[in-house]
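Here the protein sequences line up with chains V and A, keeping their order. Quick note on the numbering used here: the first sequence kicks off at 52 and runs consecutively. Quick note on the numbering used here: the second sequence kicks off at 574 and runs consecutively.
Hint data in this document are derived by calculation from the structure and do not stem from the laboratory. Using N, Cα and C, we set each Cβ at its ideal position, and we do this for glycine too. Incorrect hints may appear among the rest.
In the EDC-like style, the derived pairs of lysine to aspartate or glutamate whose C-alpha atoms are separated by at most 20 Å in a straight line are [unchecked claim]:
#, chain 1, residue 1, chain 2, residue 2
1, V, LYS195, V, GLU118
2, A, LYS1070, A, GLU996
3, V, LYS80, V, ASP237
4, V, LYS233, V, GLU243
5, V, LYS107, A, ASP817
6, V, LYS195, A, ASP817
Taking beta-carbon pairs under 8 Å as the criterion, some of the chain V residues facing chain A (in silico) [as the list claims (entries may be wrong)]:
#, residue
7, PHE86
8, THR89
9, ALA103
Where chain A lies over chain V, by a calculated footprint (3+ residues, C-beta under 8 Å) [as the list claims (entries may be wrong)]:
#, region
10, 75 to 84
11, 197 to 204
Each chain, letter by letter, is given below.
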Amino acid sequence: MSDYLSGNNPGSVQSEHEEHVHRDDMSSKIGMWLFLLTEVLLFGGLFLLYMAYRVKYTGNFHDAALELNMKIGTFNTLILITSSLTMALSIAAMQRARKGLSIFLLVSTQALGIFFLINKFFEWSAKFHHGLYPGSETLLNRPKGEYIFFGMYYAMTGLHALHVIAGLTLLTFMLVFIIRNKVNPDNYIRLENSGLYWHLVDLIWIFLFPLFYLMR
Amino acid sequence: MENADTASYVDFYHAEGKHKGILSWLLTTDHKRIGLMYMCSMMTFMLIGMTLGVLMKIEMLTPGKTIVSAQTYNAMFTLHGLIMIFLFIIPGLPAIFGNFMLPLQIGARDVAFPRLNLLSWYFYMTGGIFAILSLFLRGGPIDTGWTFYIPYSIRTGTDVILPLLAAFILGFSSIITGINFVTTIHRMRAPGMGFFKMPLFVWSLYATAWIQIIATPIIGITIILVIIERLFQMGIFDPALGGDPLLFQHLFWIYSHPAVYIMILPAMGAVSEIIPTFAKRTIFGYKAIAYSSLAIAFIGYFVWAHHMFTSGISETSRFIFSLLTFLVAIPSGVKVFNWVATLYKGSITPGVPLLFVMLFVFLFSIGGLTGLVLGSLATNAHLHDTYFVVAHFHYVMFGGTVMIFFGALHYWFPKMFGKMYNEKIAKWTIPVIFVGFNMLYFTMFILGYEGMPRRYWDYLPKYQTLHVISTVGSWILVTGIIIMLVNLINGLRKGPKAPMNPWGGKTLEWTVPSPPPVYNFEEIPVITHGPYYYGGEEEK
Ligand code: HEM
Ligand SMILES: [Cu+2]
Chain V
52 MSDYLSGNNP GSVQSEHEEH VHRDDMSSKI GMWLFLLTEV LLFGGLFLLY
102 MAYRVKYTGN FHDAALELNM KIGTFNTLIL ITSSLTMALS IAAMQRARKG
152 LSIFLLVSTQ ALGIFFLINK FFEWSAKFHH GLYPGSETLL NRPKGEYIFF
202 GMYYAMTGLH ALHVIAGLTL LTFMLVFIIR NKVNPDNYIR LENSGLYWHL
252 VDLIWIFLFP LFYLMR
Chain A
574 MENADTASYV DFYHAEGKHK GILSWLLTTD HKRIGLMYMC SMMTFMLIGM
624 TLGVLMKIEM LTPGKTIVSA QTYNAMFTLH GLIMIFLFII PGLPAIFGNF
674 MLPLQIGARD VAFPRLNLLS WYFYMTGGIF AILSLFLRGG PIDTGWTFYI
724 PYSIRTGTDV ILPLLAAFIL GFSSIITGIN FVTTIHRMRA PGMGFFKMPL
774 FVWSLYATAW IQIIATPIIG ITIILVIIER LFQMGIFDPA LGGDPLLFQH
824 LFWIYSHPAV YIMILPAMGA VSEIIPTFAK RTIFGYKAIA YSSLAIAFIG
874 YFVWAHHMFT SGISETSRFI FSLLTFLVAI PSGVKVFNWV ATLYKGSITP
924 GVPLLFVMLF VFLFSIGGLT GLVLGSLATN AHLHDTYFVV AHFHYVMFGG
974 TVMIFFGALH YWFPKMFGKM YNEKIAKWTI PVIFVGFNML YFTMFILGYE
1024 GMPRRYWDYL PKYQTLHVIS TVGSWILVTG IIIMLVNLIN GLRKGPKAPM
1074 NPWGGKTLEW TVPSPPPVYN FEEIPVITHG PYYYGGEEEK
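Excised from the complex, chain V in its bound form:
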């Protein structure tokens, strides 16, 4: 067992008698990673379904994928990757005690996240416009595999978009914390953990993108 994961380390020293909630950054990190694991598994269920249906309806999936807008998809991928970069830089700036820069980079991350959602919005509305949404006349007349494809598409990108929104909310909290110096160069574990979450959201998209847009 590595030193981090076993007891008998600074983390298990609980000397603060009056302070009930003691601080242990390693615990926070372990907690966050475990939480990320649950998120991966949450999406894992969807990936499993995608796989099963792709095998069952290979041809239909191929046809339906042609209707997705690869340009927007690629663009959005770039946006999210960049936002991961600004996120990481924001943490690095905080470590080097450059509060202003850290705030700037954090806000850039958020701006990119919002940009992603706006694109998503236009992408979805275009699909709706063409009648490509669950329960629509158009889709009901298509082969079943295409129906499922769009079902999966909305479920997976929709859940992902919800995660982007959750991430943005989290980052807003961090912004407030930084401004109020609750997150500071000596104690920035919360910013780091939010960063981890943001990277995960990014990472999930990196898998969604080829599955829906590129595999045609």
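Model the placement of chain A with the ligands on the given structure of chain V, informed by the hints.
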């Protein structure tokens, strides 16, 4: 303060906190208070669930209508299942005794994330309230059975979304507890307590917490998909739109089978605490028991499709899943043999908790062995969805987990409340429970074997005798449980003060006063021996 005998110490009930009165509970981050809040809410749900069970049995007294309509019966077994599974037995031991005892047993002052701990209780309550609320909403109480099988769950007119949401939120609560416990066990053990010096209850909580983390998200996503299927016709599971309902069953059981180990492992952990204490002897095969918890958690992940033998999966997968199912019996057997070996040549005191353990071993063995009957392909085809299954899972969950829940309650009661209950009365409830339980459920094995299907409101007259015996059994059982609870409540109100260590236990919770002070330990102990050290040489 009121504790006159030990002037230097204030127990956690009387300690001055930031808040007073009811808020000192609702806003607490003390793991002990949170454990007790879980206890109150969970016992309430348990009693509601049992009431529903007894009403169902009364309905089964005669063929056709006895007291309720068929639709009401459907709603009753669904709600009974939902409450018992999601609100009682899954959070069960970890949320109550885990919260209360885990920090004490590893020599810590609290869990790693005390505030998240409180949050998980609020999630739990929200889930519970949603489940109850759904009864009174448009559409009426859900009637799908606790398994929410597709396609019925997307076709039925009853209100499915709210109970599903409830299950989702409860899952979230369960995940938070799991993350909290894993982190706590890794980071907060007292100096000197390596992994193999941890009490076995802690080991079982550790294995359980991992299942909670790894399995629960799968039911989460499944529930979300059923909800959006109902709202937007996504087609993902709906066969009419090209979806595959079998995939729903897979996802559902990928969670729900491991969930049965969430239910039973902590109970097995508690057994491993009670037995050494009452045999005055260190546990036999400590490591084997610890590893078997992990093995059960691991293998338990790969057996889910044994719930789907008759659903139309391939011959190969049936064969493999049947084989894997049998494998789970091995680590379970390892535990039972080690327990028995611990008792052998021990100086046994037949205290109330140990008697509950005996009850557990007997009932759980029947449950486990009939599990093998169901795990075999040929017999499964005959017994699937009959009362045999109902009997089997009640023996396992009720006879297994819930009996140890009662046992743990009697074991840790003095520590939690600082009071003693009347042991004589407690002992007498056990034979009552034993008789009632077996009348109630053993008959169901026979009913199922003879072909009585589960979830039926009506039946052929030839089944009536057994149903009547079973119903009378349910009355006896519930009488026993009520006497047991009243005895505990009396102990709470006017029982004598409990000493620090009434049973002579060796784990750390017995080294602090009863009830413990807010910060548990005046000084964090340093661990030099294994958890069940009764002197002599130690197994390495
Ligand atoms: C007084 C105690 C209890 C009685 C009288 C009782 C009785 C029953 C009855 C009559 C059924 C329905 C059988 C059918 O028609 O298919 C049932 C189902 C069930 N019971 Fe119990 N039960 C009791 C306690 C418990 C406990 C403690 C648990 C779990 C910890 C439990 C879990 C379940 C589950 C999961 C179902 C299946 C529900 C479904 O089919 O969806 N029961 N019980
Ligand atoms: Cu199973």
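How the hints compare with the structure:
1. V:LYS195 with V:GLU118: Cα-Cα ~16 Å, so holds.
2. A:LYS1070 with A:GLU996: holds, 14 Å
3. V:LYS80 with V:ASP237: With a Cα-Cα distance of about 16 Å, the restraint between V:LYS80 and V:ASP237 holds, given a limit of 20 Å.
4. V:LYS233 with V:GLU243: holds, 13 Å
5. V:LYS107 with A:ASP817: At roughly 10 Å apart (the allowed maximum being 20 Å), A:ASP817 and V:LYS107 satisfy the hint.
6. V:LYS195 with A:ASP817: holds, 11 Å
7. PHE86: Holds - the Cβ of V:PHE86 comes within 8 Å of chain A, reaching about 6 Å at its closest.
8. THR89: For V:THR89, the interface hint holds, since the closest Cβ of chain A sits about 5 Å away, which is under 8 Å.
9. ALA103: Result: holds, 6 Å to nearest chain A Cβ.
10. 75 to 84: holds (count 5)
11. 197 to 204: holds (count 4)
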